[in-house]
Every structure is written in structure tokens, then in C-alpha cells.
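Number of protein chains: 2
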Amino acid sequence: MQVRNYGRKSMISKSQISFVKSLQQKKIRKEHGLFIVEGLKSVSEFIQSDYIVDTIFYTDNVISKLGKLSHNIKAIEISTLDLTKISALTSPQQTLALVKIPAARELTPKLLKGSFTIALDGIQDPGNLGTIIRTADWFGVALLICSENTVDAYNSKVVQATMGSLSRVHIAYTNLDKFLEDIDIPIFGAVMHGQSIYKTDFGKEGIVILGNEGNGISPEIIRRIKYPVTIPRFGKAESLNVAVSASIFCSEIRRNL
Amino acid sequence: MQVRNYGRKSMISKSQISFVKSLQQKKIRKEHGLFIVEGLKSVSEFIQSDYIVDTIFYTDNVISKLGKLSHNIKAIEISTLDLTKISALTSPQQTLALVKIPAARELTPKLLKGSFTIALDGIQDPGNLGTIIRTADWFGVALLICSENTVDAYNSKVVQATMGSLSRVHIAYTNLDKFLEDIDIPIFGAVMHGQSIYKTDFGKEGIVILGNEGNGISPEIIRRIKYPVTIPRFGKAESLNVAVSASIFCSEIRRNL
Chain A
1 MQVRNYGRKS MISKSQISFV KSLQQKKIRK EHGLFIVEGL KSVSEFIQSD
51 YIVDTIFYTD NVISKLGKLS HNIKAIEIST LDLTKISALT SPQQTLALVK
101 IPAARELTPK LLKGSFTIAL DGIQDPGNLG TIIRTADWFG VALLICSENT
151 VDAYNSKVVQ ATMGSLSRVH IAYTNLDKFL EDIDIPIFGA VMHGQSIYKT
201 DFGKEGIVIL GNEGNGISPE IIRRIKYPVT IPRFGKAESL NVAVSASIFC
251 SEIRRNL
Chain B
1 MQVRNYGRKS MISKSQISFV KSLQQKKIRK EHGLFIVEGL KSVSEFIQSD
51 YIVDTIFYTD NVISKLGKLS HNIKAIEIST LDLTKISALT SPQQTLALVK
101 IPAARELTPK LLKGSFTIAL DGIQDPGNLG TIIRTADWFG VALLICSENT
151 VDAYNSKVVQ ATMGSLSRVH IAYTNLDKFL EDIDIPIFGA VMHGQSIYKT
201 DFGKEGIVIL GNEGNGISPE IIRRIKYPVT IPRFGKAESL NVAVSASIFC
251 SEIRRNL
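Just so you know, the protein sequences line up as chains A and B, in that order.
Residue numbers are given in the numbering used here: position 63 of the first sequence equals residue 63, and the series is strictly consecutive.
Residue numbers are given in the numbering used here: position 105 of the second sequence equals residue 105, and the series is strictly consecutive.
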């Protein structure tokens, strides 16, 4: 895997195939500090970002579509059949990259000053987290803070659902309860019985907490909320999907800024 | 399957198992006029709705939790193993019902007067359609009109993602282009380059069109739009998830009503 092989298909060994597949597991991702990104568009966006791309597996000579690659990136052309073997997608998309998980930056309350941050307390569904990251990127929310029991952002399904936005939104995992203790900007929480979001003045800075799909925000985090906020219900659904709630919060914050 | 068997487990035959499983296919659903609903909460909501529940398979004596059942409903207790065989879920949830697909009501422009309706042009992802139905139910949107190439609302993944809301939101499939021709209320469309949604006055009635995940609204439908509307972008994501867009439209319409 040290040599570039432009123009001819390399063999990918059985052990390489099983290594890439093993990166579907969080434990193995942590151990090797690598995660999987699939698809030309997403891989391009990671190449252009601050992330370090380690290896690119590609088919059909698409490497030229990825632009100029740094010399540190291993680029390996493989057969479509081999791509199918390492891909987590039903329809593999010509490119699969192994990207380095960035070192955790120190998370200080100062980082949050003057902007809006989303905090997630125990989100479990990869599609939901991915959609929230994509929505945060659309609305210019640069930082997402996740409780330690939130699904791993480097899970392939999350990465896929972000549509490349993971390369631009900073994700930090932390002890949310402890972190919120020291926050000196307004703490908003999405709850069932709070003030109407349409009557809430979010001001210029703050943190918005969204909770688990089934149970909402956990009791220890609830007590950190200064401003409980509700999206009013006009019909009969019991709840909103959490990625939908997050997007309505992002929209309301931006419409008033 | 004609006799009630409260209190003892029935056998479910191989052909019954394969019949229920075959309802995962749209063609078979159409042929038999039945679709699958899973989980106690969702099944309860269909029982309480205008839908006709045909058969309920249940485990662990949970039938008592479903309230009073009409005598036309076949209720069959089966083993957990058999439920696993007929369920489409990774973790089957004690109940699986076969529910009748309602006859298509005639869709007239008059039906839309005085309220807001969402129209979907070619939505493909079941999770997206399900989330849109759930969101419509939250915001009191009673009618969802789908183009004929939109994913089937009675697909199990859609039903699951609606969290019971499918029992309350009316879904109509139609030739969207032809239907829009006769509409005399404002037609809004979610597009990339329109007026800001935050500056749009939706008024008291209208139809909001949302397009396919990859390609947006198709050219023939685009020309029917009177008011092209955009959710402004503040960051760098290329697009928003369509269920997220739909929810922001619903929220903006309601906040101003």
C-alpha cells in the first residue's frame, strides 16, 4: 500500500479487505484512528478540508476527478468487485477513503462565545446525527458538542448522511453535564413544555441542547437548561424527529440574527 | 386465521409467514390491499383511526394493551420466533398488524381551500417520506399529495418512520403536474434560488412543493410554481435534507398563521 498505482488495478489483499471492513466497528476505528468516507463528492470535500486523508481506493480511473492530491495520500486503483467488498453501501460509489480521526481539541467555554453551538444528549440514530451535522453546516453552526453516549460521528452511516458536511463542522465528545457547568452563555433546551420557540429571543450567542430520540434530554442535563423551549404542536403527532427539531431551532436562531 | 385465540399461541403456517413477508413488496401490497404496521403504539393508533385493521399478530399476551378491538379484527397470538420471521425490524416489537390500504379519495382542488398542503415530487427515501408525514402531523397539515414516482407510503420503512402519524395524515398519489394545473390557491416551491423563506408571506392557504433528494423539483413541476422560496444558507453544505426543508417550511407557515 506504499506505492501509487495510477493506471493499473492493484490487488487488494484479503487482510486489507478485512481491515477496511473492520473499520465499521467503533473500537477498531479508535484503535487505528481511521474512519471511512465513501463517494467522489464526500472524498473530495475531505481532501480539501483540514482532515488528513490516508488512503483512497478508487475504480474506473476516477482519481483524476479528485483534484491534486498531497503526496502523503496512498491512492490505489482496485476492481469494482473489490470495492463492493470493502464498501458499506448497497451501491458503492467509485471511491472509498480512509481518513484520520482528528485529535480532540480542548473544549473550553470560551470557544462558544459569540456564536451558537448545538449540544446533543444521547442521540442514537446515525441518520439523525448525520442529518444534524449537515443541517448545522447549512446554517453555519461550526461546533457540535456530543455527550459521550451519543452515536459515534465517524460511524459510516453518520458520515454518509452528512453528505460531506462532517469535513466542515467540528464535533466534540465530552462529559456534557460537566461541560455545561462552566458555560456562561445562555443554555437553551428543546423540551416538550417550554416557551414557544416563536416567542423566544435567542440573542447573539448560546447553546441549544437536543435529547435522545426516545427519552429526550436526560434529567442531569435538564437541570442545566436556563431556557426551556418548545416547538408548538398544531396537530396530533406525539413528537418530532430530533433532526427535524434541530433544524427548526437552527432556522429560528438564524432568522432572528 | 378466522378464529380468535386469546390466551394460547397459534401456529402460523409457512405460507402465512411468506404471505406477510411478501407484503414488503409494493406489487403484493397493491394486489391484496394490505400493508404492515409494527409496534404497540403504532398499531394502537391505527386501531383508533379510520383505517381498517385486518389482522393483528402479537406475542407476550400484549393484546390487552391494544384496547377494545372490533370483532372484525383477527387477533392471533404467535411465538416470538414467529414474529421475528414476519417482522421487517431488527428488534420486533411484540405486535405486527395487517392494515387495509384505503381506497383513493377523489382529489379535487376544492379539498385544498383554506389550508396548507404539502406536495412531494419524486421523494425516494422511505425514511424521508416517513419523517415528512410525522412532521406534517405535528404541524397539523392534513393532506400530503405525492407524485406517482414518490416512494410508496405503505412501504414498511415509511410506516415505521411516521411513528403512527400515517394513521392521521391523508396521503394521495396523483399525476402532480396535471393536478397543479387546476389549483387556484398559491403554489409555493422549495428551490435553491428563490425568495428568502423568512421574507415570504404564506398567507392563509397554499400548497408547498418539495422535490427529489438528488435532483430537486422536476422541470415540468417547476413551471407550476408561482412563488419560488429558498431557505437561506449561512454555511457551506450544498443542500438540506428534504425532510429538514419540509419541516422548516411547515414551521414558517405555522409561525405566521
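Heads up, a few of these hints could be off.
Derived Cβ-Cβ restraints for the label pairs, each shown as a range [what the hints assert, rightly or not]:
id, chain 1, residue 1, chain 2, residue 2, range
1, A, T174, B, D182, 53 to 63 Å
2, A, H32, B, H193, 52 to 62 Å
3, A, H32, B, I17, 23 to 33 Å
4, A, E220, B, G67, 33 to 43 Å
5, B, S15, A, N72, 54 to 64 Å
6, B, D50, A, N215, 46 to 56 Å
7, B, D182, A, E181, 25 to 35 Å
8, B, G67, A, N215, 17 to 27 Å
9, B, K236, A, K199, 50 to 60 Å
10, A, V62, B, K236, 42 to 52 Å
11, B, K26, A, P109, 29 to 39 Å
12, B, N72, A, V62, 54 to 64 Å
13, A, P109, B, K236, 38 to 48 Å
14, A, I52, B, I28, 25 to 35 Å
Just so you have them, the derived chain A footprint on chain B, three or more residues with Cβ under 8 Å [unchecked claim]:
id, stretch
15, 76-89
16, 131-139
Derived by calculation from the structure, the hints in this document are not laboratory data.
Being a predicted model, the structure only gives us computed values, none of them experimental.
Cβ coordinates follow ideal geometry from the N, Cα and C atoms, glycine included.
Hints versus structure:
At roughly 56 Å, the beta-carbon separation of A:T174 and B:D182 lies within the given 53 to 63 Å, and the hint holds. Hint check: A:H32 to B:H193, Cβ distance near 43 Å, so the stated range 52 to 62 Å is violated. Roughly 42 Å separates the CB atoms of A:H32 and B:I17, a value that falls outside the hinted 23 to 33 Å. Between A:E220 and B:G67 the CB atoms are about 36 Å apart, so this pair conforms to the stated range of 33 to 43 Å.
Range check, B:S15 to A:N72: about 60 Å between beta-carbon atoms, so the 54 to 64 Å window is met. Range check, B:D50 to A:N215: Cβ separation about 31 Å, and the 46 to 56 Å hint is violated. In this structure the hint that B:D182 and A:E181 lie 25 to 35 Å apart at CB is violated, the actual value being about 60 Å. In this structure the hint that B:G67 and A:N215 lie 17 to 27 Å apart at CB holds, the actual value being about 25 Å.
The supplied range of 50 to 60 Å is broken by B:K236 and A:K199, whose beta-carbon atoms lie about 31 Å from each other. Separated by about 23 Å at the C-beta atoms, A:V62 and B:K236 break the suggested range of 42 to 52 Å. Separated by about 52 Å at the C-beta atoms, B:K26 and A:P109 break the suggested range of 29 to 39 Å. Evaluation of the 54 to 64 Å hint for B:N72 and A:V62 yields a pass: the beta carbon distance comes to about 58 Å.
Here the CB-CB span from A:P109 to B:K236 is close to 26 Å, at odds with the stated 38 to 48 Å. At roughly 49 Å, the beta-carbon separation of A:I52 and B:I28 lies outside the given 25 to 35 Å, and the hint is violated. Judged by the Cβ-Cβ criterion of 8 Å, the stretch 76-89 of chain B is not covered by chain A as claimed, because only 0 of its residues qualify and three are needed. With a threshold of 8 Å between beta carbons, the proposed coverage of the stretch 131-139 of chain B by chain A holds, since 7 of its residues qualify and at least three are required.
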